[in-house]
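Those protein sequences? They're chains A and Z, same order as listed. With the first letter of the first sequence counted as 1, position 131 gets the number 131 in our numbering; the numbers rise by one all the way through. With the first letter of the second sequence counted as 1, position 105 gets the number 407 in our numbering; the numbers rise by one all the way through.
Worth flagging that the hints you see were computed from the coordinates, not collected in a lab. In this text, a Cβ means the ideal position worked out from N, Cα and C, and glycines have one as well. Mixed in with the good hints there might be a few duds.
Simulated DEER-style distance windows between Cβ atoms [unchecked claim]:
# : chain 1 : residue 1 : chain 2 : residue 2 : range
1 : A       : GLU159    : Z       : ALA423    : 20 to 30 Å
2 : Z       : ARG400    : A       : LYS236    : 45 to 55 Å
3 : A       : GLU130    : Z       : TYR478    : 50 to 60 Å
4 : A       : ASN151    : Z       : SER405    : 29 to 39 Å
5 : Z       : SER417    : A       : ASN60     : 41 to 51 Å
6 : A       : ASN82     : Z       : ILE408    : 14 to 24 Å
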Amino acid sequence: MFGYVTPCKMEMKIKDYEKFKAYYCGLCNSIKNSYGNLPRLTLNYDMTFLAVLLDSLGDNKIIFTKFSCAIHPLKKRIMINNNAALDYAAFCNTTLAYYKLMDDVQDNKTMKSKVFSLFLKNYLTKSKVEYNDVMMYTKEKLLLINTLEANYNGVSIDELSHVFADLTGFIISFYYKDAAFKEDLYWLGYNLGKWIYIIDAYDDLEKDIKSDSFNAINSLLNRNNLDFKSFSKCIKPRIDYILTTCAEQCLKYLNSLPLIKNEDILYNILELGLMEKMNVVFNKNLGVDYIKGVEYKDGKSL
Amino acid sequence: MANPYEILGVREGSSKEDIKKAYREQAKKYHPDQYGDNPLKDLAEEKMQELNEAYDSLMKNTSSSNSYQSSNTYNSSNNYNSSSNDDHTNRDIYQSIRMDLNSGNIPSAEQKLGSMNTKTAEWNYLMGMVHLKKSWHDSAYNFISKACSMEPNNIEYRRSFNELNTRNSNYRDNYYGRRNNDSGMGNMCLNIWCADSLCECLGGDIISGC
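Chain A with its partners taken away, still in its complex shape (with noise of 0.2 Å):
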């Protein structure tokens, strides 16, 4: 469900560009050194962009560091290291990763996800100790979310979006929890959390309706058991406004913390990478690609 939160590439400027990709190879050194090498494969954009945001708020200097990756090998790259924000990134990274992996054991009991699960559970307990308090929590409102998905009725779309929408307000209020500016950075991560869990229902929408599995949209909002096509027709412009909403709030939260660095970033992703994504996702569900569409409007007007 994760990955959607992602800067839109072509409006940025290559330092920029660098600069989130020195904090995406951070973020998996900062996994590695204080969990190993396995839980780096739960890597992800969307915590890429919590490191960035957290970052941004502390006036603490960026330090750069020069490596070869592992996985890369033939290029030298820069990481961003030693760096709290990172930290903190990599152990919400790993937390989710886990509890996620316990849903899924739960849910569809494959063999792959019950053994990762083990060994991410065997990492997570070196995690440092005032971490807890988001331990616990992820781990009740993930259940939570579990609950309210197995018994969905009369739930409405807001109501169960909320769980993981107020999880993600927390989890990025929690780094900063005395600060003036937490209602803020709460209300952020709320709006983007009902973001990426309504997207992500959105985006898995077909491939739900056609092996009849749980989805947000679909089951809550299909009353008529339509098929794919004519309710993703019917459906879309009311999930467009949703989303456009909430990426919307979340810029206005963002205007009214006090930022100290990556400006450009956060604005990036906040702005258009959020827009973006929604077209792609929107556009490929109709079976259109969007860049072809744009052609060939401007091809008639040749």
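Take the given structure of chain A and dock chain Z to it, following the hints.
Here is chain Z on its own, set in the frame of chain A:
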């Protein structure tokens, strides 16, 4: 609305006490309960509503908290529960819900709304505002659009509803504005290239080596 003083049968500029007294007398006379199944009951109900409105508007002009309370005790002591008087007490509740919303006390506002039975346009609007504060965008949109369809002429509801849509289109435009500029750029290159190809057929060349 007709002159509220006339409806209550008092002189213009009467004191609060006088207005209250007149209202009570009239209310006793027109109280719909005493008509039973008599066809006059409907008429009485209409008159009662008129009285309530007149009374409200007069009391709003003078400072109101005491008189509001006394009129409420009057209602409850008479066990009068027709819809017009519900409106009357509801207005107080809506007022306090608006105060909760302004001060950011969302749980209290939500609880008050939840305990109400009559779901008027205002109820839907205020519920929409509560959900907006909670970032429950989908249900907020539904509540506010319901308020609008129940009272299409209400400017407040309409304005909030429009706001929901404009803030989204502003956000979208920012993205599409930039991306479309780019495709315009691509389009221009394409035009030059086409022009070049055409010219080459005729022996000319705009872009050399192409």
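Hint check results:
The given range of 20 to 30 Å is respected by A:GLU159 and Z:ALA423, whose C-beta atoms sit roughly 24 Å from each other. The beta-carbon spacing between Z:ARG400 and A:LYS236, approximately 35 Å, falls outside the hinted interval of 45 to 55 Å. For the pair A:GLU130 and Z:TYR478, the beta carbons lie near 44 Å from each other, so the given range of 50 to 60 Å is not met. Range check, A:ASN151 to Z:SER405: Cβ separation about 36 Å, and the 29 to 39 Å hint holds.
Between Z:SER417 and A:ASN60 the C-beta distance comes to about 50 Å, which sits within the given range of 41 to 51 Å. At about 41 Å, the beta-carbon gap between A:ASN82 and Z:ILE408 misses the expected band of 14 to 24 Å.
In this structure, the hints that do not hold are numbers 2, 3, 6, in rising order.
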